[in-house]
Amino acid sequence: MNANDYTKTGVNKSVRVDDLEPKSENLQSRRTFLSASGLLAATGAVATGALSQAVSAASKEKAGQPLPLPADFATAAQAPPEVPKLPMTGATLFARACKAEGLAALFCCPGNYTVTHAMAKIGIPVYTGRDERSMSHAADAFTRATGEVSATSGTEGPGFTNLISGLANAKAARTPVLFIASNKSVREEDAEVAIQLMEQESVTSHMVKWQKRLVNAHRNHEYAAYAFRQLKTGVPSPVHLNFTAEAGDEKLKTPGDIAYNFDKCLYRTEAKPNPSPAHVVKSIALLRQAARPIIVSSTGVFYSKAWDALRQFAEKTQIPVVESGAMRGQFPDDHPLSATCSPDALASADVVMLIGQYCMPSIGEYAFGPDARYIRIDPAAEDIGRNLPIEVGMVSDEKAALEVLAQDAPAMRHDAWVAEIMAARKKFEDENDAMYRQVLAYKDAVHPGVIAKELAEFLYRGNIPKEQTLIGSGGFGVARYTRRWLRAYRPAQIVNGQYQFGTVGADVGYAVGAGIAVKEGHGVQAAYKGHPTITIMGDAAFGYSGMETETLAKLRIPAIIIVYNNNAWGTWYLQADEPRVVPMHLFQENIRYDKMAEALGANGIYVTKPEEFTPALQKAYKTAVETSMPTVINVQGKKEYWQREKFPPGFLGKVEPGVTSYYH
Amino acid sequence: MDKQSSAAAQSARPHAARRPRLDQNTSSADGLHAVDAVLNSYACRSVFQDYRMKRRKNGTGEYNFGWLYGQPFTLTCDLRHKRLSLIDLLPGVQRDSLMHKQIKTFLKGRAGAGVPEHRRVDPRRMRALARARDGLVSLELTLAEADCEAYAIGARKIINLAHELFLFMNEYWADYMWQTFRLGME
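Just so you know, the protein sequences line up as chains F and P, in that order.
Using this note's numbering, read the first sequence as starting at 1 and increasing by one per residue.
Using this note's numbering, read the second sequence as starting at 1 and increasing by one per residue.
What the hints contain is simulated information worked out from the structure, not anything from laboratory work.
Some hints could be false.
What the hints assert, rightly or not - Counterexamples of contact, computed for chain P against chain F with all Cβ distances above 12 Å: (1) Thr60; (2) Lys104; (3) Lys108; (4) Ala111; (5) Arg127; (6) Arg133; (7) Gly135; (8) Gly184.
Claimed, not checked - To be clear about the criterion: a stretch of chain F counts as covered by chain P if any three or more of its residues have a C-beta under 8 Å from a C-beta of chain P, and this derived list gives those stretches: (9) 338-352; (10) 366-374; (11) 569-582; (12) 645-658.
The beta carbon of each residue, even a glycine, is placed where N, CA and C say it ideally should be.
Construct the complete structure from the given sequences, taking the supplied hints into account.
Put into structure tokens, the structure is as follows:
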């Protein structure tokens with residue numbers, strides 16, 4: 001192998017160290033994560049140029065190395081999984097059922113020991129972090145990034161309550177995650193014996209698709225079947241299982257001890273609802289009448305893996321597609337029919353086909369005008385007609401519907417409409433470029449528009465294949481810029497962080513889950529196995545979950561975390577003229593999150609000037625490729641950039657659906 | 001319809017939305033009816049809630065309905081001045097403030113030659129204005145013609161224009177929209 005050629009597994013195009021080399025000499029790395037005697041010597045990488053200068057300068061500081069990882073990790077990786085045999089505990093029986101269902105990953109903290117240990121022993125990949133909340137977000141992101149069911153777990157009492165934000169978030173995003181929490185013995189119920197006793201079902205009842213308190217180990221296989229039926233059919237959503245001590249601990253001795261012990265092909269079906277011919281005819285008739293029809297492709301298109309059928313239908317009928325949802329890329333942003341980056345055209349649509357739009361907007365929340373008429377395709381009849389008045393409601397699996405529509409619909413032409421979409425896309429791109437030129441004038445800190453534009457240049461117009469890098473798109477104020485520039489070219493290239501529930505602080509957890517998904521090549525990330533991921537967030541979010549940087553480092557996840565550090569909550573802007581209120585929305589200034597990352601075994605870069613951002617990004621990416629270690633890029637901004645009178649364009653809003661959407 | 005009409009009355013026969021009587025000679029009643037028919041068609045499709053029309057003594061038509069963000073909207077049709085107005089559409093906007101200037105620029109842009117024909121405020125047929133008075137912005141559309149068809153087109157145009165104005169405000173003045181319409185600031 002050429003010393004400068006670092007081809008990763010599954011890469012469509014090799015990534016060369018030279019290609020990623022920083023061009024600036026102004027990097028302010030506070031950690032030498034490319035030590036002269038270590039990585040550079042080993043790789044024979046460039047000995048001259050800006051990078052080596054930066055490294056040379058940094059090497060005056062203490063050379064950074066990953067923190068020691070206990071040998072137990074390597075031992076565990078070599079240990080063969082156990083094959084469960086009778087007698088076994090209820091926990092092992094449940095783990096066996098999960099394994100048979102192909103449960104892809106469990107994200108948790110220590111606790112719920114019988115179940116999580118049984119899962120680890122049986123060979124289900126288990127990843128532990130610092131906080132159950134972040135681990136539940138990791139599971140959410142893993143499933144959003146892969147399409148595969150994952151699980152998260154918390155111990156009884158506080159471990160369970162820590163899961164709640166993640167559960168609510170997953171419910172809002174319609175993510176099929178299995179939430180498991182242990183509980184004390186049934187015999188202790190209501191007695192306040194010891195600690196951590198808590199009734200769980202009433203807490204989660206509005207946040208799950210299905211829930212069950214397990215009290216009898218004999219029926220654990222049966223209830224695992226209930227859970228996976230819910231997780232793998234219909235509209236996806238989380239499921240909660242409350243594991244009492246009895247359900248986990250009890251020993252099962254004979255095959256007769258296991259109730260309803262069917263194989264998964266006998267307890268659930270792969271069948272999907274198909275569209276009725278009448279509704280297909282009505283939909284096609286409405287689309288044929290339309291001058292400017294449009295398809296909204298949302299979360300359900302991803303989970304039903306309907307992207308090929310969507311493309312076939314759109315191309316045959318020349319109907320543009322705009323994306324929304326918890327993940328993006330099912331319809332590539334650079335397709336000639338993509339309207340995802342054409343916000344100004346959306347109000348022209350006269351017929352809108354919503355497909356897989358589980359989270360429904362109300363009138364006025366989507367940009368379609370008052371004359372638009374709606375077709376909705378959804379697997380759940382009971383949801384059709386909610387929020388938006390519809391003219392055709394088609395009950396169907398998304399993929400099945402699109403396949404039938406692609407087959408039955410006649411070829412159509414909408415040349416003028418497509419031209420309008422393209423013109424709107426160009427206008428949007430031109431506006432973004434103008435915005436970038438405008439914010440480049442602000443030199444005293446880094447404006448989010450610089451991050452957005454230069455990140456896009458690096459990802460899509462540099463030396464990395466544009467479809468390669470998964471993005472965790474989070475943040476509040478900063479996201480209003482980055483979303484305008486981020487693009488998706490393949491399924492789940494973007495995980496839409498704040499989607500629907502608007503959780504602050506989920507993002508490092510997302511980086512863990514999405515990072516594992518890509519690092520190990522699960523589901524739709526298989527072709528991108530091993531590549532770095534990038535997650536964007538604000539400083540408020542990092543404050544919640546920054547400790548999971550240690551998890552990223554421990555798990556050797558090649559993740560890049562971009563923290564937009566403007567010393568304030570995103571809410572500061574609206575309180576700026578309320579002197580007694582303002583301090584509630586502020587942090588200490590110029591916090592060194594990069595140093596925190598270093599202390600936790602990751603790498604850190606502090607960026608204080610606009611011209612430093614791209615070199616920092618290049619360096620972090622290079623490090624991720626070469627060492628599979630994470631980097632936190634702490635980008636120093638200033639809160640006053642939200643003030644449009646002083647720093648136009650100031651705080652931005654959004655138009656939905658499309659590239660800036662995250663409500664629906 | 002001389003007195004109040006309502007979506008509720010129409011909902012019993014949802015396909016019976018009245019059309020503007022385009023084949024008749026222009027009259028003040030026709031202009032008001034034309035507007036009523038267009039707005040009522042939105043009500044029949046449940047885009048508007050609780051739609052009502054009333055005729056003022058001066059011959060002006062007033063139309064009330066619930067629409068975006070559950071807000072009440074009032075549209076007036078002034079036949080004497082050939083003007084349709086969405087009254088007090090945006091509160092808390094001072095005359096010639098940055099926001100007011102941007103709103104005026106936005107409206108001016110909708111008349112530009114580059115705007116698609118189905119979206120354009122065609123200056124040969126109508127003119128849009130954001131009138132600020134006492135901190136309240138009303139959206140006005142003054143028509144070049146006074147025939148029934150002009151009022152029907154104008155009614156549809158001003159509703160679509162208001163929708164687009166709200167999109168613009170959501171994109172560039174999100175904080176104002178949150179605070180004014182209680183949309184939630186996340």
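Evaluation of the provided hints:
no.: 1; hint: Thr60; result: holds (23 Å)
no.: 2; hint: Lys104; result: holds (17 Å)
no.: 3; hint: Lys108; result: holds (16 Å)
no.: 4; hint: Ala111; result: holds (15 Å)
no.: 5; hint: Arg127; result: holds (20 Å)
no.: 6; hint: Arg133; result: holds (23 Å)
no.: 7; hint: Gly135; result: holds (17 Å)
no.: 8; hint: Gly184; result: violated (9 Å)
no.: 9; hint: 338-352; result: holds (count 3)
no.: 10; hint: 366-374; result: holds (count 5)
no.: 11; hint: 569-582; result: holds (count 3)
no.: 12; hint: 645-658; result: holds (count 7)
Of the numbered hints listed earlier, the single one contradicted by the structure is hint 8.
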